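Between the sequences and the hints, there should be enough to build the whole structure, so can you do that?
Sequence lines, in order, name chains F and B. The opening position of the first sequence corresponds to residue 1333 in the working numbering, with each subsequent residue numbered one higher. The opening position of the second sequence corresponds to residue 25 in the working numbering, with each subsequent residue numbered one higher.
Derived by calculation from the structure, the hints in this document are not laboratory data. Just so we're clear, the structure is a prediction, and the values are computed from it rather than from any experiment. Be careful, since some hints might not be right.
As the list claims (entries may be wrong) - To give an idea of the interface, some chain B residues facing chain F are shown, with a C-beta separation under 7 angstroms as derived from the structure:
1. Tyr246
2. Ala254
3. Ala277
To be verified - FRET-style restraints, in silico, Cβ to Cβ:
4. Pro218/B x Ile1619/F: 39 to 45 angstroms
5. Gly306/B x Asp1477/F: 17 to 23 angstroms
6. Glu172/B x Val1470/F: 35 to 41 angstroms
For each residue, glycine too, the CB sits at the ideal point set by N, CA and C.
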Amino acid sequence: MEVLIGAGVLAATIRLATPVALAALGGVVTERSGVVNIALEGCMLVGAFFGVFAADKTGSLPAALAVAILAGLALAAMHAVAAITFRADQIVSGMALNILALGLTSYLDYQLYSSTGTPPTIPLVPNVHLGFLEKVPVLGGAVGDQSAIVWVTLAIVVFLQLFLFRTVPGLRLRSVGEHPRAADTLGIDVRRTRYWAVLASGALAALGGVYLSLSVAGSFSDNMTNGKGFIGLAAMIFGRWTPLGALGAALVFGYGDALSVSLQGVEVAGFVFPVQLLSTIPYLLTILAVAGFVGRSRMPAADGQPYESEGH
Amino acid sequence: MKRLLAFALMTMTVAAACGGGAGTASPSPSAAATSAAPSKTAAPTAAAVKVGLVTDVGGLNDKSFNALANQGRLDAEKDLKVQTSVTESKKQEDYVPNLTNYAQQKYDLVIAVGFLMTNATWKVAKQFPDVKFAIIDGAPANDKGDTENLPNVANLFFKEQEAGYLVGVIAATMAKNKVGKATHNTVCSMGGIPIPPVDRYIAGYQDAVKTVSPTTTILNGYSNDFVDQAKGKEVGLNHISKNCDILFQVAGASGLGYIQAAKDKGVYAIGVDADQAYVAPGTVLTSALKRVNKAVYDTIKAVVNKTFKAGDNSFNATNDGVGYGTLDPAVPADAKAAADKALADIKSGKITPKDAVQVK
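Spelled out as structure tokens, the structure:
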């Protein structure tokens, strides 16, 4: 039981789900406005690198987080210009930016840190210790010592859920993704709304990236996001383009990853699971989850379609 | 029109990215300089030996395997006056084109870095019998996956189990005597993927622990990845929760996360391939060294001296192909003495470390 729902597994689930959840939230915001942004992977990667870079150069954590998010914003802005202003193919633009992010961060890492790696003394994001939970079984171990970014992520989920479905600007953002023509007729600036949404997605993904480098790993290594931006997009679909759903989906993926670690070396009736088999758990869970739920979800009607107003 | 413009912009961005990412570094300036020199002196001797290195997907900046291979290339360029060049493989489909590219340009020696390139090397080497090839950690494998040695391919193998054994002796000695933070008499290891070069390290490590300190508990795990630090860290935290306080990583960049787990929780770690003392001073006790740079350098030298040997070439403790790295001050003198004694015994043949993993 301990290896299935113990505090250790649940804590690992939360740690592994956080970067995926942040990418998924970025995906929700941008796709709700009607722009597909597969450059989230790249935004995460530049966030991870420039966070470490700024932490090294300034020695200040707030500066590092700010630079990381700015890097994500910059990459997202390039996508916004291509996708919204120039109405380019959003998949092509996103893919190109992912390649740019991988090349750029690998190149800079090689130039700046090739022989010694990123310094081990850079400031890291602290964990939040909840002393009063220490005595509570399971829960205390699961959430009592998580990174500050984990709690920020939770706050963002609640905020976005309320923003998108309970506020006027949220309604406007969704209307732009469902029927931009109608929104335009009613005086909503489609382009500006989409710009803000794409930028927000870049910032959220960059936060996920800097979580990996400045909270989990304490360093940068090439391609360290390892596809988590894409898994985030899967979580977004599985979570039906809602912030709460995206969080739930990210937790399912995180749980699969956590199980593939906690079940290693565990003996059940004299049988030890082979590592290769355990590594398939996250994918099996994904297939089960998608086959069971995703059939009923519906993407925003104008998702991925560039908008050209009548005036042009 | 705007679409076209946007597409053009994107194409340029991609091109810039590929160039910036050192997709293909042409002969470096120093190489160009050395190769230009003979023509100026108009020496009638043969042109400088040309060496091409093709990295694995880990890239030049993995701070371990590929980086060491590249170091060997640069050392050879400096000492042996050869002309060298390097190409990074971005994905596994790049292996054949990258190797072919050098072979077509009539390079004297083409070096493939890594176990995953065995089939690609077989394909290209068969097609270019006049070009010499070397492959690190493997032997040419035909399309059925069977090893098929070729007269123009040198297989550069390492006795990783010997390096694993040496660091295992240090870990076991510290665990047995409960030195410093190693209080639970439990040592662990984590591989990337269970493939032979990884498992040989772990096998040697476990063999040493079982020999030096039979009461010590051994755990082993895999991150199933060579890139993902987050996964490596989770395996580390899992091991530490089971009382491990010496963690040996054999998982490339993913293993850096394993070391970070040890650093976070205030226990010890052991690095792999390159000397990783710098990763976390005070945490990294030492590193199991695999001197890929030496293998590359020696192979280039063999081509220059016309002593190139096709088939298996072994790099081991006896010829300094493997060893242990910088010792942290936390490592006591008796642990170092035990490791040095083990090294001497391996060289003299008194100890032959096992190459099969005992604790899976």
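Outcome of the hint check:
1. Tyr246: This hint holds: Tyr246/B lies near chain F, its Cβ roughly 5 angstroms from the closest one there, short of 7 angstroms.
2. Ala254: Since the shortest Cβ distance to chain F is 5 angstroms, the answer is holds.
3. Ala277: 4 angstroms, holds
4. Pro218/B x Ile1619/F: 39 to 45 angstroms: 24 angstroms, violated
5. Gly306/B x Asp1477/F: 17 to 23 angstroms: 22 angstroms, holds
6. Glu172/B x Val1470/F: 35 to 41 angstroms: 55 angstroms, violated
In terms of the numbered hints stated before, the structure departs from hints 4, 6, listed from lowest to highest.
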